[in-house]
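J.: Each chain, written out:
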Amino acid sequence: MTRKQRRLALIGTSLAVLAVAAALVLSALRDSIVFFSSPTDVAEKHPAPGTRMRIGGLVKPGSIERGDNLLVRFAVTDGKTDIAVRYQGIVPDLFREGQGVVAEGKVESGGVFAADTVLAKHDERYMPREVVDALKKTGHWQEGDQKGSGSGSK
Amino acid sequence: MIPELGHFALVLALGLGVIQSIVPVIGVQRRDGSLMRLAISTALAQFVFVALSFLALTICYVTSDFSVATVYENSHSTMPLVYKFTSAWGNHEGSMLLWVLILSLFGALVALFGSNLPASLKSHVLAVQSWIACAFYLFILLTSNPFMRLVPAPFEGRDLNPILQDIGLAIHPPLLYLGYVGFSIAFSFAIAALLEGRIDAAWARWVRPWTLAAWMCLTVGIAMGSYWAYYELGWGGFWFWDPVENASLMPWLAGTALLHSAVVMEKRNALKIWTILLAILAFSLSLVGTFLVRSGVLTSVHTFASDPARGVFILAILVIFIGGGLSLFAWRAPLLKQGGLFAPISREGALVLNNLFLTTACLTVFVGTLYPLALEAVTGTKISVGAPFFNLTFGPLFVPLLFAMPFGPLLAWKRGDVLGVAQRLMAAFAVGLVTIAIVVATASEVSILAPFGIGLALFVMAGAVTDVVERVGLFRVPLSVVRQRAAGLPRSVWGTAFAHFGIAVTLLGVVTVGTWASERIVGLKPSQTVSLSGFDLTFDGLVQRSGPNYRELIGKFTVRRGGLPIATMEPAKRSFESRATTTTEAALLTRGFSQVYLSLGDVNDDGSVAVRLYYKPLVLLIWIGAIVMMLGGTLSLSDRRLRIGAPRPAAKPAVQPAE
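Chains as they are written, first to last, in the numbering used here: chain H, 93 to 246; chain L, 7 to 665.
No lab work stands behind these hints, which were simulated from the structure alone.
Fair warning: this is a prediction, and the values are worked out from it, not measured in the lab.
Using N, Cα and C, we set each Cβ at its ideal position, and we do this for glycine too.
Hints should not be assumed to be uniformly reliable.
Unchecked claim - Some chain L residues near chain H, calculated using beta-carbon distances under 8 angstroms:
1. T84
2. L362
3. T366
4. T385
5. T387
6. P394
7. G598
Throw the hints in and build the complete structure from the sequences for me.
T.: Listed below in structure tokens is the structure:
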């Protein structure tokens, strides 16, 4: 093999691997990303039942109900709209009424959001950023809600 | 007084840093030895002053001086002493101080142990190192001063975030930073080489041990973080593809690629430009990682709240160093002479393939981590890219890399014989195929990926063993000769074998846990029993206990296997009053390499308690693999040729050593 052929072989292989990677990334981006919505977005856009998404807001005070078999029902609110959420399992330590929460799952045909993951914040001072933005949009956010700053957890 | 001394020491370090940034470069231009030597003393002095500054901060934490803002925010008088120490870096300001401490430590080490470096290269390296240090000193002093005072001083602190009050997290950040910052040395060497417009095989020999040491620390640091998340976050996952985790994985991938390409450069004087580029990229990705974690632009399970000025400042550092580094590369790299030739099928070719897959895998992680940020900045749409994305992109790219791994070390330099290597790997192939057959035959209802993954892991392990067996001639020559050859084998050969074996061990753990982990989430009343994978756990009741700065509710469980009690498990919920926070303390029962994992959920009014019970087969292999990789790195680092340093280029033997 001449120097030129070797170089071409190298460049060819690299391009082939990069092309495969690009194809993988594009197909994965089409199928496996999850969009974030606020309860108002869900109410306004009526996503097709079964669409996977994340919703975020505050756990509406007085809305938590516990059923059999670790079933938890609660409402997520952005101050303007509420959405009912159903979750089976153990909620995080900091899952409380009036606190920020992010849930991932699907909207069922009845309009109830069936969550398979519920994330609460890790630190009582921190609010998930999506939740902050969702609350800001509806005007239910006051500066200073996020007491203290500069705390990190890693 | 002590915080002011610490602050002052840091300002002095900045002053020394500015001198070290400029004077050695002038020294090189004027060929003035005394100006160049100045960098050695300033590098050592910088380390001393940053260490004093860090010591001052530690004293503030240990003595609970709540007049210092960061101590007030992150400490509490009732906290156990060990966490008072570790909370010094369990927050933004302190961790940045730790970052510059490690940076100046590496600078001092180059100054001390770089006596065999050419004077001008050493001066340039120390100057570049100091540019980085100055940027971070300014960042700390201007935006994140850890010594800020509060007037009046509060009586009590707000306590460290309870999930950080853990010994795993005490060790995790320093190790991770040793890795991140360790790549700064490779970066400084790369920039120095570009400034000088000269680079040779000896350069790779100087850079390799630093990269290797950084890579080892990063490997163990990532593994520690993963184990911490596993037992502390209470849901038993070991890797979440969380942006903060990806931030540490990207430099690891680039650093792994750098280690391999530096081998080609050292042995064959080829791939020079690529190696320089990788050295710049590895540290750039460390900076990107710091930016992602410290600027608060990400939503992640490792939540951060922080102030935008810091984000902008780190972004500026990022742009200057990455942009500057890459521009210098584009301008100067064409000056570097091209290296030796090699056939596509050769050890060099295998290492190029390794680099190709590692950097591409790194790129997919980069896209997955930053795409949501870019999309939100451009269109305002919020998305989350989770595990499915990475499983679909990173996975397929890592499989061919792992499959090719046993071939590499067996191929000859310059021109290899892939069929000959395949013949020598016959035993390893057999091991892999037999494993696949056994798994397919015995396990039911698993995806085809599981037996394939396990077969691949065992193939890689057997391949690593084959490499050593072939070299010492086991089964071919008498045992005494084998012993002699094993003792004479370069340590780096053992290092390669260990590191490759280690990654296969990790893969085995990941596949078995991913396939056969079982899970039960149930509500239990006292004296009720739950069974999982042959273990019967009886809930004996709840007990209250109080710790130094928390109260905990402990669930007592008796574990039985085949009717016989084998252990008790005590998962707990800790509530920290100072932060009104609860943490979940999972209980782990280790059987061999497998673990039973039990964590408590909510306690209901009727006295029942929700529990999360997992059986994680061979889960410990995931982290043991990382330790094996680190052992491999240690062996390589103790290799004779790295210990005694680089020989003069003229003294290079014409014949390559047989390795």
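J.: With reference to the structure, classify each hint as holding or not holding.
T.: Against the structure, the hints come out as follows:
The interface hint given for T84/L is violated, since its Cβ lies 18 angstroms from the closest Cβ of chain H, which is over the 8 angstroms cut-off. Against a cut-off of 8 angstroms between C-beta atoms, the interface hint on L362/L holds, since the closest Cβ of chain H lies about 5 angstroms away. Hint on T366/L holds. Least Cβ distance to chain H is approximately 5 angstroms, under the 8 angstroms limit. Proximity of T385/L to chain H is violated relative to the hint, the smallest CB-CB distance being about 11 angstroms (cut-off 8 angstroms).
Using the Cβ-Cβ criterion of 8 angstroms, the hint placing T387/L at the interface with chain H is satisfied: the shortest such distance is roughly 7 angstroms. Proximity of P394/L to chain H holds as hinted, the smallest CB-CB distance being about 4 angstroms (cut-off 8 angstroms). The interface hint given for G598/L is broken, as the beta carbon of that residue sits about 27 angstroms from the closest beta carbon of chain H, more than 8 angstroms.
Hint compliance for this structure: hints 1, 4 and 7 are broken, all remaining hints hold.
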